[in-house]
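Protein chains in written order, with our numbering: chain A, 1 to 307; chain B, 1 to 298.
Hint data in this document are derived by calculation from the structure and do not stem from the laboratory.
Ideal placement from N, C-alpha and C gives every residue a C-beta, glycine not left out.
One or more of the hints may lead you astray.
[Claimed, not checked] If you want the ones that stay clear, here's a sample from chain B, every Cβ over 10 angstroms from chain A, calculated:
| # | residue |
| --- | --- |
| 1 | P51 |
| 2 | A147 |
| 3 | V201 |
| 4 | H208 |
| 5 | I216 |
| 6 | L288 |
[Claimed, not checked] Cβ-to-Cβ under 8 angstroms is the rule here; a few derived chain B residues that face chain A:
| # | residue |
| --- | --- |
| 7 | R54 |
| 8 | L126 |
| 9 | W163 |
| 10 | A204 |
Below are the chains, spelled out letter by letter.
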Amino acid sequence: MPSPSAPTTSVASAAAHPVAIRDVAREFALAGGSLPVLRDVDLDIEPGEIVVLLGTSGSGKSTLLRQVCGLDVPSSGHVLIDGTPVRGVDPRCAVAFQEPRLLAWRSLSQNVALGLPRGTDKQDGAARVAELLELVGLAEFGGHRPKQVSGGMAQRAALARALARSPGVLLLDEPFGALDALTRLRMQDLLLDIHAAEPSTVVLVTHDVDEALYLADRIVLLAASPSGPGNTIGSVRTVPGQRPRDRAFDPQIARLRIELLEGLGVPSHHEDDHGPTTTTRNDVHRSTRHRNDDDRTDRPVGPRSSS
Amino acid sequence: MSRGGIDIQDPLVEDHLDDRVTEPDRTATGERSTATPDRPAVRSGARARIPGLRLVGWVVVPMALLGLWQAVTAAQVFSPVALPAPGAVWSAGVNLAERGELSGHIAISSQRVLLGFAIGAVLGLLAGAAIGLSRLADTLFAPSIGAFRAVPSLAWVPLLLLWLGIAETSKVTLIAIGAFFPVYTTVAAAFRHVDRDLIEVGRAYGFHGHRLLGRIMMPATMPSIVAGLRLALAQAWLFLVAAELIASSQGLGFLLMESQSNGRTDRLLLAIVLLAVLGKLTDTVIGLVERRLLRKWG
Ligand SMILES: Nc1ncnc2c1ncn2[C@@H]1O[C@H](COP(=O)(O)OP(=O)(O)OP(=O)(O)O)[C@@H](O)[C@H]1O
Ligand SMILES: [Mg+2]
């Protein structure tokens, strides 16, 4: 696929970095003891690779992303980016959180500008922000406040903010979760275009198996550890075929899809119920998640009020 | 606090956009000093704005009250000594002004309020920020400050007189005490409860220390800070009267006191009207500042 929308401005893009996750474990101290979430997580990610993290709700996907960028510290083990250990929040990473988390008092363009690398030239920065807003379809909304746009629009602004960093490692926590099906497909293509133009290393969390199959070089499934409480990497699957992939039926991918769904605890009873031809998108937590699939929802999307 | 001070290194500063996009939100907010931190009143566009109603509230209703006052005195419901007519109060004011006393009373009272408010607010901001930001400071000092807050304000008066005499210092100090606590309380609570998710965003994008404070925490707490300042100003007027009633030789509180002892109800009412006007005036000014700030940060 050509990338007509690939970024063109002169904001220096960092080289993609390899990421090594070494024996990472994380448990949280709770009132009545501790909650082991992750254990024995060991993974090497190639520079420029797109790795998709799949796992049921609460399996520790967001927690693992936090360990990679240094927002949280593993209970044991460590993470290396480009061979150097992560200590504190790592400037080589950019994160798009599970919620948009835009700053309510800034306009969307000012929010996106927050992601620009420190020391970006003012004009280059402004051009880059305008371009990113254009790419995520928000060109006309740069002056709006987060409370004045829909949940899906806020999420796209948050994606643009992460992309503004041109990071060596891009961490995306369900970046398309609040988008309607069509916008979601468009944003997936956008991500691939940007990745083709500026190949950073991407770790993306999703619940959507089809999304994983479309985007990933490899899919990492988090599952209960056989050797103790907590989750670990259940399986790592390489997705066959070069990107951009056809969204249409492919028997090899269809088989992998069934296997992944089974890995997530969703048994596929009918062999023929797969591929986009049947139009069912498999959102693993469709019924339990509170996501809004409608891009035009009026739900206010300012920062969550912490309670 | 100026935006320039906080956002000086921002790649994009789009003031004109801010003004444009919040246009629909400009509802009548003059009276809303109780905006809560996470839902500033300015944002509630649900309140309908009926044209002309503001004028009624600001002019017609006060005039009607004045008329009622006039009617009651004209009907001789109370004796003129107990309730003088509005005209009598007016001429008492003119008389005092001609003798050159009125401006002195007003000036000294305003000076005390503004000085005490400024001192109390700055200290309240500093203490509130320290307690709200540092768990150590919170644990060590919050209980003691809370205990001082529990002391009824007038209980300080004898001590202040003893220590500081009846000069300006004791009055300004009392007013500063009055202004300190509302600011301290709201600011400490606001800093304590800054959304952790937003702080994480700030950290993820490379802010820490004073940058995190300036870019994320200050703006997030801005609505509460302004609400606290507004409360503090009202409190400052309250404490002014307390201070002047007890020991002073000039000021609106003194005028109240003196008029009571020589039975000049007209001057007494004059002082009350002046306090109402001045209090409302300063509150309106801070309300305008609040609206500007909330438009920017709310
Ligand atoms: N700061 C924390 N303190 C205590 N427990 C935590 C903390 N952060 C996460 N957890 C726990 O760790 C587990 C994994 O959380 P995490 O957010 O990583 O899940 P997830 O896989 O991202 O889920 P979802 O798909 O619903 O977002 C949960 O049980 C959660 O309660
Ligand atoms: Mg998560």
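**Study point:** Numbered hints the structure breaks, given as an ascending list
**Key:** Violated hints (numbers, rising): 3, 4, 5, 7, 8 and 9; every other hint is consistent with the structure.
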